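First to last, the sequence lines map onto chains W and Z. So the first sequence is numbered by my numbering: it starts at -6 and just counts up by one. So the second sequence is numbered by my numbering: it starts at 4 and just counts up by one.
Worth double-checking, as some hints may not be accurate.
Unchecked claim - As a list, the in silico BS3-like pairs of lysine-lysine whose alpha-carbon atoms are at most 30 Å apart:
1. K28/W / K136/Z
2. K142/Z / K274/W
3. K136/Z / K274/W
To be verified - Which stretches of chain Z does chain W cover? Using the computed rule of at least three CB atoms under 8 Å from a CB of chain W, they are:
4. 94 to 108
5. 128 to 141
6. 148 to 154
Stated by the list, open to error - With the C-beta cut set under 8 Å, the calculated list includes, among others, these residues of chain W facing chain Z:
7. T45
8. A49
9. L240
10. H272
The hints are simulated quantities; they were obtained by calculation from the structure and are not laboratory data. Bear in mind the structure is a predicted one, so any value in this text is a computation, not a measurement. Virtual Cβ for every residue (Gly too), placed ideally from N, Cα, C.
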Amino acid sequence: MLSRSVFAAVGTVLSVALGGMDCAGAAPISLAQVKAFAEAEVRIEWLRRRKTVDWAAIRSDYEQTLAIVNAVDAREQTRYAAELAEALDKCEAGTAPKVNQQVLAKGLQHVAVLGIKHELDAALTAPAPGRRKGVACVAAFVEGISPTFSRRDADYFGGKKILERAADDAVAQLQAAAGEGGIALSAARRVLEDVIARTYALSVLYEVSEIEKYRDTDPAKCAVKLKEAQIFYRIIGPRIQRRSPALDTKILAILNAAYRNMSVADLERLLRAGLPGIHLK
Amino acid sequence: MHLALTAVRRARLLLRSPFPLELRIMRRVLTVLGVLAAVGLLVIFVLRRPRTGGGAEQTLTPELIRLGPNTATIAWQSAEQGAGRVFFRPAGSAEEARSAEDALAASVRHEVELTGLQAGTRYSYWLAGTDRKYQFQTKPVAATPFSFLVVHGEPGPQIPGLALSEFAEFVLSLSGRPLKATPVLREMRSYLPVYSLRGEESPWRDGVHEDHTPKDAWLLEWGGLRLVILAKNDSGLAAALAAPAAHTIGVVLGSGAAASLGGPDPAAIRDDPLHNALTAYNARHPTRPAAFVLLPGSAERVATVDGVCYVALGPDNAAGRTARPLRVDVGEESVRGSFLPENDQHVLRAAPLAERRTCEECRRLADQGAYERSLAAYREFVRANTGHYQIDDAYYAIAELLDQRLFRLAESVAGYKEFLAKYPDSALAPIARRRVAELQAHADHDYEPLTRFERLRAQAASLGAATNGRAALTKRARGIVEEFSDSTVAPRALAWLANQHRQRDPDRAAAVYEELLRRYPACAPAQTAWLDIGDTYYAARRYRDALNAYDRALRRAPEEAAEIRRMAWRARRNLRRRRIGWLGWTVLVLIAGMALCLRPAGLAWRVLLRGVVVFCVVCAVSLLHGWLIAEQFLSMREMVSLCLAFAVGAGLGVSLSGTLAHKLFGLTSGAGSGARRIWCVLLGAGFGILCLVATVWLVILRVNEHYFAAFGL
């Protein structure tokens, strides 16, 4: 009996010790977690637009996104977990809720785009099952940011589903190329990245055009639009910055200027120069 | 016997009537089916779309054999003879795909030239009869930022993916091996050009035995960069440097030409004639330098000597590690090289005064509000760094400080003009030109009214949403208009004043807009003044006034007709909703009034009770339904209001409409013919539906008109 007790005690100690050890990094993200993230993202987007915002429900949905947000922070050295939590706290406390809502909503979109990039990077070097799983994750992330495609279609293309269809086609190409891998997958990846860059460049342009429209009548609205434009630009900024740091600096200067000095025509010119090959509108 | 007779009788019956008829019918049916099947097969056979390209199977992947700013040539080989066709359109667009065909006779080899393309644009293309899509990007015309990939040794399988994911516009191979011997590079040729030291080798052209003499020295011009490629020696360098170049020159050497550079070794480089030629060129052309040299080396190495950066790409090593490719990012002022996939970055051409050109200290002073000190710092910075350095940012910053912070507009115009004269091609030049045009358009009275107006706007912007202090600002704006009524700024100030009243006092805003129209009918803000008045009234829900204004706007600004008509349509729609709302009130009052007042007056207890029961049931059902589709509502309050409206409408409908119908048909005592009862029921149902619809309509109008859109109203 004594030996059994000793054996059990040793076994327990070992289990606890092993269980407590850091197993060299976070567990890989699962498709279920990505889908939960995308669903939570869409739900948050819907909840925050209601007249009476249920912050408790938004917080509960936000917690569904934490696995992905933390993974992105660990990989990309961002601070989204802290920023989004702070934005949520401020919204609940009534501190500039409209601006902080945008930090939350658009910040999650940036996290989704970073997630897409990571999954595509991994898929390029993975074997076929890994590629298919990666592409499935990408499709889920794209679903989460799909409201942005719809909105820009409404703003710039008269409601015709140009961007939505382009995104769907790009995901379909990725799925078709997942089995083959190689250059076909890289080409499909490039198609999706271009659609995302185009959508978010149009998003930046749209918010600045709203600032131009309301700068003399509604400065409070301009503050919200500016925050949106700045977070949207974070999504495409690295691509532009890599091509031309000077262009990136100039675009940031426009986005940090006073409202009355913003010009959407100048911004469009710089964005076109920074994203060559992409047919903006 | 009886049984036998019965059996015979039955047999006769069977033989006589059903069989022949059934057989005839069956025969007819089978005939018809057979004819239909034959027709169907014929239709499918005749109308089936023939496969273009001669119905040939495409066996080889296509190759981009020529690429220019406005044309591209795709080549491929098919298994069968036919005409080749390529479909293409700008990537990501919804345009109808265009197509181009072989100019040659039917063949297994196809070369299709795509024309009418836009420079620097990405296109998707696919071969007729196939599903697989490819992409390419046309050459840029102007100097635009771009990237390319340089590889050495045996390219690994990751290279094609890297080329696409790193946004390379072409690939350059430093290994001396022909491209046809490297399948990995061949695969990329469907998407982007691949060059070797000997030129643009094309496996497809080799296949058709097209004459391609390898070149020892050639030039590749791309987006403002000139690459001088010297395969064997530097004999072509002088000619390449003599011709004017855009903004940067890069030299690419083969192993023969690079031999004297020792690896590269700085000591060996300094004595090398190639290096001396480059530094002499740079001394004469500091703004268009020969910035870097790429060469194959025994190991990966970077060395900068006298401002020229030498980058050696290492070969595959004995341990089997493939050489790292180099991504080169080319901008107008700087060039950077990054070894992939680790992204080890090296500056191949530094932006002039990269560490000092933005003058961080000068900017920090401006950010802190010390504008005069910032201005002085920028001026000192410019004075200390004049000459061949590009410091356009500092010149622009000076003009902008004078303009936006210090409101010394005359000086700022001079500053912008100096900037434009010195740096006409700067990225900030279009912004500066626009600002100069704006300022000069309002230069009257020595910029005095414009200065005061710009200050006013800056202060209004700093107020944000706060209302304190706005009254003082609007008074100042009025002061500008009265004091400088003949200046070009006065109409802008008046329009700004009208904008300030829009949200709080639409009548006052409209009055100011009309004043603008009266006093300055030809100015730009006046052209859309009626549209602004319409929008002001629309926002205040005064749709009749809005429609009047839109009507006048249509006459005054026909170029905005589409927008005006859209707004007018919305105003009419909202007015229609209100009219229907009044109709709803009328219907409800009439039904209720008649139901209560017609004899016998009042409502029976039973009827009332029935109404209450219906209300409770419908309320419970609709609340449950509302809860299930709660996400369709903007708030819980709205959901409850609409569900209650539905229940109230149903309860009212049941009690009032039934009573009214009974009273109208005189069926209150219960006696009556069947037909009258039926009509009574139908009329009652009609009244009930009217009650329900009217109630729901009125509640939606009150709660949130947005829900009308769900019904297409």
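Notebook entry, point to check: Under the criterion that the straight-line Cα-Cα distance not exceed 30 Å, is the pair K142/Z, K274/W satisfied?
Noted result: 20 Å, holds
Next item on the list: Apply the coverage criterion to the segment 128 to 141 of chain Z and chain W: a residue qualifies when its Cβ sits closer than 8 Å to a Cβ of the chain, and three qualifying residues are needed.
Entry: With 5 residues close enough to chain W, the hint holds.
Next item on the list: Let me know if the C-beta of T45/W comes in closer than 8 Å to any C-beta of chain Z, holds or violated.
Entry: Hint on T45/W: holds, closest Cβ of chain Z at ~5 Å, below 8 Å.
Note to self: Just to be careful: measuring from the Cβ of L240/W to every Cβ in chain Z, is the smallest value less than 8 Å?
What the structure shows: 7 Å, holds
Margin query: Between the segment 148 to 154 of chain Z and chain W, are there enough contacts, at least three residues with CB-CB distance under 8 Å, for the coverage claim to hold?
Written below: holds (count 3)
Note to self: Please check whether A49/W passes as an interface residue: C-beta within 8 Å of a C-beta belonging to chain Z.
What the structure shows: This hint is violated: A49/W lies away from chain Z, its Cβ roughly 13 Å from the closest one there, beyond 8 Å.
Check: Taken at face value, is the distance from the CA of K274/W to the CA of K136/Z at most 30 Å?
Finding: OK: K136/Z and K274/W at ~22 Å, within 30 Å.
Notebook entry, point to check: According to a criterion of three or more residues whose C-beta lies within less than 8 Å of a C-beta of chain W, is the segment 94 to 108 of chain Z covered?
Noted result: With 4 residues closer than 8 Å to chain W, the segment 94 to 108 of chain Z meets the three-residue bar; holds.
Note to self: Holds or violated: K28/W and K136/Z, Cα atoms, limit 30 Å.
What the structure shows: Distance of about 29 Å is within 30 Å: holds.
Next item on the list: Grab the minimum C-beta distance from H272/W to chain Z and call the hint holds if it beats 8 Å, violated otherwise.
Entry: 5 Å, holds
When each numbered hint is compared with the structure, a violation occurs for hint 8 only.
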